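Chains P and C, in that order, give the protein sequences. Going by this note's numbering, the first residue of the first sequence is number 1, and it counts up by one from there. Going by this note's numbering, the first residue of the second sequence is number 1, and it counts up by one from there.
In case anyone wonders, no lab produced these hints; they're calculated from the structure. Since the structure is predicted, the reported quantities are computational estimates derived from the model, not experimental observations. Each hint can be trusted.
Covered stretches of chain P (in silico footprint by chain C; criterion: 3 or more residues with CB under 8 Å from a CB of chain C, positions within the stretch not fixed):
#1 80-94
#2 189-198
#3 233-239
#4 266-280
#5 314-322
#6 453-463
Below, in silico cross-link-like pairs of lysine-lysine (DSSO-like), each with a Cα-Cα straight-line distance of 27 Å or less:
#7 C:Lys227 to P:Lys318
#8 C:Lys227 to P:Lys508
#9 P:Lys508 to P:Lys318
#10 C:Lys325 to P:Lys187
Examples of chain P residues toward chain C, derived with CB under 8 Å:
#11 Asp101
#12 Tyr116
#13 Arg390
#14 Tyr440
#15 Val511
Glycine included, every Cβ here is placed at the ideal spot set by N, Cα and C.
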Amino acid sequence: MTPMSRRALLHTAAAGAATVTLPRFLAGCAHPSAPSAASLAPSADDHLRQAYGIDAAVVGRVMSALSARGADFADLYFQHSRTTSVSLEDGLISRATTQIDQGVGLRVVVGDQVGYAFTEDLSEAALLGAARTAASLAQGAPGAPPAAFALRDGPRGMYQLEVPWSQVGVDARLPLLTAIESRARAKDGSIERVSVQWSDGEERVTIADLHGNLFTDVRPMMRVWCTVTARRGSQTVTNGSNLAGRHGLGWMTVERVQQLVDEAVGRTLVLFEARRPPAGEMPVVLAAGASGILLHEAIGHGMEADFNRKGTSIYSTKIGQPIAPDFVTIVDSGLEPNERGALNVDDEGVEAQRTVLVRNGILETYLHDQISARHYGVASTGSGRRESFRHVVLPRMRCTYMENGPHQRDEIIASVRDGILAETFTNGQVQIGAGDFTFYIKNGWRIEGGKLTHPIQDVNIIGNGPAALRAVTMAANDTRLDTGGWTCGKDGQSVPVSQGLPTVLVSKLTVGGDHA
Amino acid sequence: MRESLLQSTQDVIEVARRAGASDVAAWGSHERSVSASWRDGRPETVQESVSRGLSLQLFVDGRYGTHTTNDLRPDALAGFVREAVLWTRALQPDPFRELPPRASMPDALPDLALEDDAVRTVPAEGRAAWLAAADAEARRDPQVLSATSECSEQERWTALSTSHGFSGAYGATGAWGTVAVTVRDADDRRPEAYELRGGRRLTDRGDGAALGRLALTRALARLGSVKGPTGVHTMVVEPRAAAALVSRLLAPANARALQQQASFYADRIGTPCFSEQLTVTDRPLLPGGLGSRPFDGEGLTARDLPIIEAGVVRHVYVDTYYGKKAKLAPTTGGGSNRAFALGPRDRTGWIADVGSGILVTDWLGGNHDATTGDFSLGLQGHRITAGQIGAPVGEMNVTGNLVALFRALRGVGNDPYGASATQAPTLVFEGVSFSGA
Chain P
1 MTPMSRRALL HTAAAGAATV TLPRFLAGCA HPSAPSAASL APSADDHLRQ AYGIDAAVVG
61 RVMSALSARG ADFADLYFQH SRTTSVSLED GLISRATTQI DQGVGLRVVV GDQVGYAFTE
121 DLSEAALLGA ARTAASLAQG APGAPPAAFA LRDGPRGMYQ LEVPWSQVGV DARLPLLTAI
181 ESRARAKDGS IERVSVQWSD GEERVTIADL HGNLFTDVRP MMRVWCTVTA RRGSQTVTNG
241 SNLAGRHGLG WMTVERVQQL VDEAVGRTLV LFEARRPPAG EMPVVLAAGA SGILLHEAIG
301 HGMEADFNRK GTSIYSTKIG QPIAPDFVTI VDSGLEPNER GALNVDDEGV EAQRTVLVRN
361 GILETYLHDQ ISARHYGVAS TGSGRRESFR HVVLPRMRCT YMENGPHQRD EIIASVRDGI
421 LAETFTNGQV QIGAGDFTFY IKNGWRIEGG KLTHPIQDVN IIGNGPAALR AVTMAANDTR
481 LDTGGWTCGK DGQSVPVSQG LPTVLVSKLT VGGDHA
Chain C
1 MRESLLQSTQ DVIEVARRAG ASDVAAWGSH ERSVSASWRD GRPETVQESV SRGLSLQLFV
61 DGRYGTHTTN DLRPDALAGF VREAVLWTRA LQPDPFRELP PRASMPDALP DLALEDDAVR
121 TVPAEGRAAW LAAADAEARR DPQVLSATSE CSEQERWTAL STSHGFSGAY GATGAWGTVA
181 VTVRDADDRR PEAYELRGGR RLTDRGDGAA LGRLALTRAL ARLGSVKGPT GVHTMVVEPR
241 AAAALVSRLL APANARALQQ QASFYADRIG TPCFSEQLTV TDRPLLPGGL GSRPFDGEGL
301 TARDLPIIEA GVVRHVYVDT YYGKKAKLAP TTGGGSNRAF ALGPRDRTGW IADVGSGILV
361 TDWLGGNHDA TTGDFSLGLQ GHRITAGQIG APVGEMNVTG NLVALFRALR GVGNDPYGAS
421 ATQAPTLVFE GVSFSGA
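Make a model of the complete structure from these sequences and hints.
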């Protein structure tokens, strides 16, 4: 059981060499012949039968049982996913994993109370049993279940693939793994080992609500990791890089293979020269891209409305107040095509949106699911997400980034007399209420006298969210989303997210380092 | 349940063999889980679920793959297995892949006291009474902003059958309680803390009121936390945080990491590596243990395994595959219960003994490099002054190398942590590098 701490954390799937666990992002329809999102069956009944082998009439009866004791909301979340993983180690592609996961989550919401059950057995008896369990929380009069269900045409444009993963042949991925390995090995004589982990798939979700709406989505995902171990004399170093997104096989072009290899090898070899910076408080320059981890930890989680609704976020009373310099605008958006955090609809069927959290330094809005939106009397921001049918909906981040600022990267680095530049990260964590957050720097540089002097490695950064945002003193015009994959954990649920940042200077953070 | 789950694993082995697999290990699982929570005086959630799944390790023409599904309808399962065999065939042959020898797997399973029938029959009213008591005690202070209490029970069956004749299954139950409390501090900060208690038996989670009080005490202790001092200090790590730290220390103690040259244990097996105070034994057969199991993740018979004895690395975790690759005799693929040789006094005794330093109660983020052992971790805790727990501190990092840190282990407590399979006691380290104000 996971401790129920009000913390949230973020990690790359294989942080450190010891934990090369393939991510559990699930994907894919089990049936290669199943219709793609573009050619969905015309009726709700056809859709449910084709995708899950269930009649709409059964779903109607289950919804009646689910709302039998009253409900403000009630929904059924159908999910069918398939993931495929392949790995290359010691020159051999000799391990593959496939996984099929399916089930239905049933939810009853009364005010801010939630009754929840799930079943992996899609028989009517099992669904009715789960519905009665979820309904046991409610104590009111029967609700009004829908007379019929209708498929709603939602947006489809965020990650439509030319070739779905379910139609990619067994062996089509293998040459890519071999190419990544051989290119990486060829880059330097000190490289002793290269391993490659590949994972892809699709998940189909269908959400049936109390109004008779049926929302559907098909969400692809792929990720490839390259891990490199190199040795010079008695010194052995390991590091790696990854590329991830809601992409198809065609996205892995020669250029992207080269990007992955260059990053993985470069981030490993630089460790031969890397040292710890001195310990203590100092200015920290965050490189464009992955440094968006700052936003995720320092403000993003604190803006998720469930924490604010419960009064447990440090941002609970700060809406409308200035919290950062006026050049700072922070966005959380589902509308970033093919990014890990992209969505067509959220897991409550709400169309994905772009939400401005901080506009010109002023805190503007929280991230809402339907429960918190109802609590605050506002519309959902389309932020209701869940790891799978096994989990309740929570307000979550999608793609979180800062827009461009007025400065230049070189100007920012030149302004720092004694500090560090942070480039790559493995993980971060935040205490939502106290505001303390951390992130772990794997690669970076020491800055002395406005110049990059030597590489640094393996230091944790710790700060306090509101204080860190006030200390953002410069932001450059080079914002971009990270191409590596991030997974966000909250209340024991993992969801894919993206993050981005322009080059930013935070004038003071506490850096883990050596005592000279 | 035991018989039907075993039967399903044996059946799927036959399906896989007919589809072309030469050897098969089939895992089956079935889990029932119930939980409920209260927040701020009233029920907030109820949850209940049944999960099941089948996982196959297929050996096909010298090739290997693992395949998992929870769609157990016979037709769907047969199609899944056929496709899994095709998938496995597409890979390259791997000479190191084979089932562990049948003789390395048990013939009869010991009773490890992992089940408590009382866990299976908790009425909803029983859960509600536990939660109401926890909730009331957790909010017994005007500075409390919010408190959430949750209790849960699980029962799980695990079965393994292999194509060379092994078949075994065992059940386990669990009952857990957690309470999280948020209190109001200056500057609109809202520090939070949690307590967790549970185990195999229903009585292991204790009563709700006691856990609520502990969580409230922990949260109130955070009030007025400031950034601690940069410098080199003695570090006392209390049991819950020590368990997490030891998990980092042992993470690369395995054949895979050694064979892949990604372990700071390379060339250290059999050598004195850490402080003589450190003795850790893997003990899978402890009755009622959270990590107890009659066989491991590939069916190897469970037995005690000394990992570190008085600072000397005796064994690492070795599974069949990486054992062959690294030319090491298989031990077991992964950790079960980690038991420690205990010291002379508890946390309070050690705080008095060291006189001054930093007490770590929780880690916040951070990571380590398994190849070099370099680590840097965020933390919160308290100053130790004049042998007493002093003011709360946070927003600090501790940075160093795991090997050097555990070489500087000065003392071990007599107070092992009960809510984790890693039963770490209080640990005391000398000369640790902190960064803060």
